[in-house]
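J.: Counted the way my numbering counts, the sequence shown spans residues 139 to 498.
Among the hints, erroneous ones may be present.
To be verified - Derived pair list, reagent style EDC-like, types lysine to aspartate or glutamate, alpha-carbon separation capped at 20 Å:
#, residue 1, residue 2
1, Lys412, Asp352
2, Lys288, Asp254
3, Lys189, Asp286
4, Lys329, Asp300
Said to hold, decoys possible - The calculated label-pair distances, taken between Cβ atoms and stated as ranges, are:
#, residue 1, residue 2, range
5, Ala368, Asn231, 40 to 46 Å
6, Gln222, Val474, 32 to 38 Å
7, Val474, Glu408, 42 to 48 Å
Since the hints were made in silico from the structure, they are not lab data. Every residue, glycine too, gets a C-beta built ideally from N, C-alpha and C.
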Amino acid sequence: MTSGSLPANPFVAAGMIEDPRLFVGRKDELHAIASRMGGAQPTSINIVGEKRIGKSSLLYHFFLTWEQRVQNPSRYLVIYLSLQSVHCQREENFYLAVAQELLNLSSVATNPALSDPLRIRPLDRIAFSDAIREWKRQGVLPVLCLDDFKTLFDNKSEFNNDFYNNLRSLMNHNSVMLVIASQHQLDFYSKKHQLTSSFFNLGHVIKLGELQEDEVKDLLRLPASTVNNAAPVLSMDEQRLTQQLAGSHPFLLQIAGGLVCEARQQGHDETWVKTRFVQESRRLPQSRLGSRRWWLGLRWLVWNLPVRLGRVVKFLGGTVDDVSSWIKGMAILVMVILVFTRVINWDEVWDFVRDQLEIK
Numbered sequence: 139m140t141s142g143s144l145p146a147n148p149f150v151a152a153g154m155i156e157d158p159r160l161f162v163g164r165k166d167e168l169h170a171i172a173s174r175m176g177g178a179q180p181t182s183i184n185i186v187g188e189k190r191i192g193k194s195s196l197l198y199h200f201f202l203t204w205e206q207r208v209q210n211p212s213r214y215l216v217i218y219l220s221l222q223s224v225h226c227q228r229e230e231n232f233y234l235a236v237a238q239e240l241l242n243l244s245s246v247a248t249n250p251a252l253s254d255p256l257r258i259r260p261l262d263r264i265a266f267s268d269a270i271r272e273w274k275r276q277g278v279l280p281v282l283c284l285d286d287f288k289t290l291f292d293n294k295s296e297f298n299n300d301f302y303n304n305l306r307s308l309m310n311h312n313s314v315m316l317v318i319a320s321q322h323q324l325d326f327y328s329k330k331h332q333l334t335s336s337f338f339n340l341g342h343v344i345k346l347g348e349l350q351e352d353e354v355k356d357l358l359r360l361p362a363s364t365v366n367n368a369a370p371v372l373s374m375d376e377q378r379l380t381q382q383l384a385g386s387h388p389f390l391l392q393i394a395g396g397l398v399c400e401a402r403q404q405g406h407d408e409t410w411v412k413t414r415f416v417q418e419s420r421r422l423p424q425s426r427l428g429s430r431r432w433w434l435g436l437r438w439l440v441w442n443l444p445v446r447l448g449r450v451v452k453f454l455g456g457t458v459d460d461v462s463s464w465i466k467g468m469a470i471l472v473m474v475i476l477v478f479t480r481v482i483n484w485d486e487v488w489d490f491v492r493d494q495l496e497i498k
């Protein structure tokens with residue numbers, strides 16, 4: 139666990155969240171992983187989500203906190219491994235990387251029954267499988283949180299059906315549990331790379347989306363939401379601005395929160411925040427950012443604009459709520475469109491408005 143003073147700016151948009159005090163939300167997903175560890179038959183999991191939705195942070199946070207989430211933690215050992223960082227060019231590199239992460243755990247390094255099988259060289263497929271089976275005989279389940287799993291598909295000659303079939307066999311015999319993060323479900327990659335192993339029919343899929351409303355509030359209230367007696371870095375007005383800019387997307391919320399915090403510390407105004415946010419948000423993949431802009435534009439057209447048009451009626455004398463405002467505003471908007479398509483004329487629009495305002 140990370141200790142020490144909290145950063146003045148608790149928002150992390152530069153990569154994976156490594157400080158557990160700065161991680162919020164995803165309680166359902168964390169519970170789902172832990173519950174499948176502790177079941178009668180461990181079930182491997184595929185965490186699926188778009189880029190920058192928080193897959194790496196989720197896996198790493200589970201690695202840091204798993205002992206708090208399971209009964210009888212002595213029955214398990216969990217590692218986090220980014221396959222992008224270890225450059226798995228060969229199958230043996232994969233086994234060595236996994237073995238090294240396991241050996242880095244003090245409970246493994248000090249237990250010859252667990253560590254000796256992992257020190258065998260060469261640590262090929264047979265030796266690795268024997269080591270994992272020995273762990274099962276010792277009553278310990280290794281749980282491998284594997285990030286950037288698609289890296290393995292770049293070298294199909296090394297990571298072929300036989301490689302995946304062997305992992306599947308270890309999973310079927312309850313010798314190992316995998317928690318795999320990927321942008322698409324694993325069967326997408328099997329079809330794309332023409333792999334036929336049953337490994338790709340993984341037991342359970344968790345789709346990672348945007349944050350729930352209470353999770354957004356917890357993020358905006360950092361570090362008060364995770365650290366006892368700590369105060370939120372952002373004021374209520376700053377929290378509202380952050381959510382207004384970012385919605386419920388975790389990466390955009392981190393960007394916006396960081397910029398709002400920085401603006402206050404350096405004396406910048408709201409315009410500076412909004413300008414920088416537009417620039418920084420381009421780091422979100424264009425397909426996701428484009429769909430978000432499309433949705434916000436549609437929402438403005440079919441809700442915000444009609445409500446504002448309808449409120450003109452309210453401002454001039456009506457007494458209507460937002461739904462009534464939307465209905466009346468939508469009617470005005472449709473009528474304006476019909477004018478431009480020459481279905482009706484402006485006199486008819488004016489007659490409608492006068493009727494709503496009860497102007498004689």
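J.: Can you list which hints this structure breaks, lowest number first?
T.: Of the numbered hints, 1, 2, 6, 7 do not hold.
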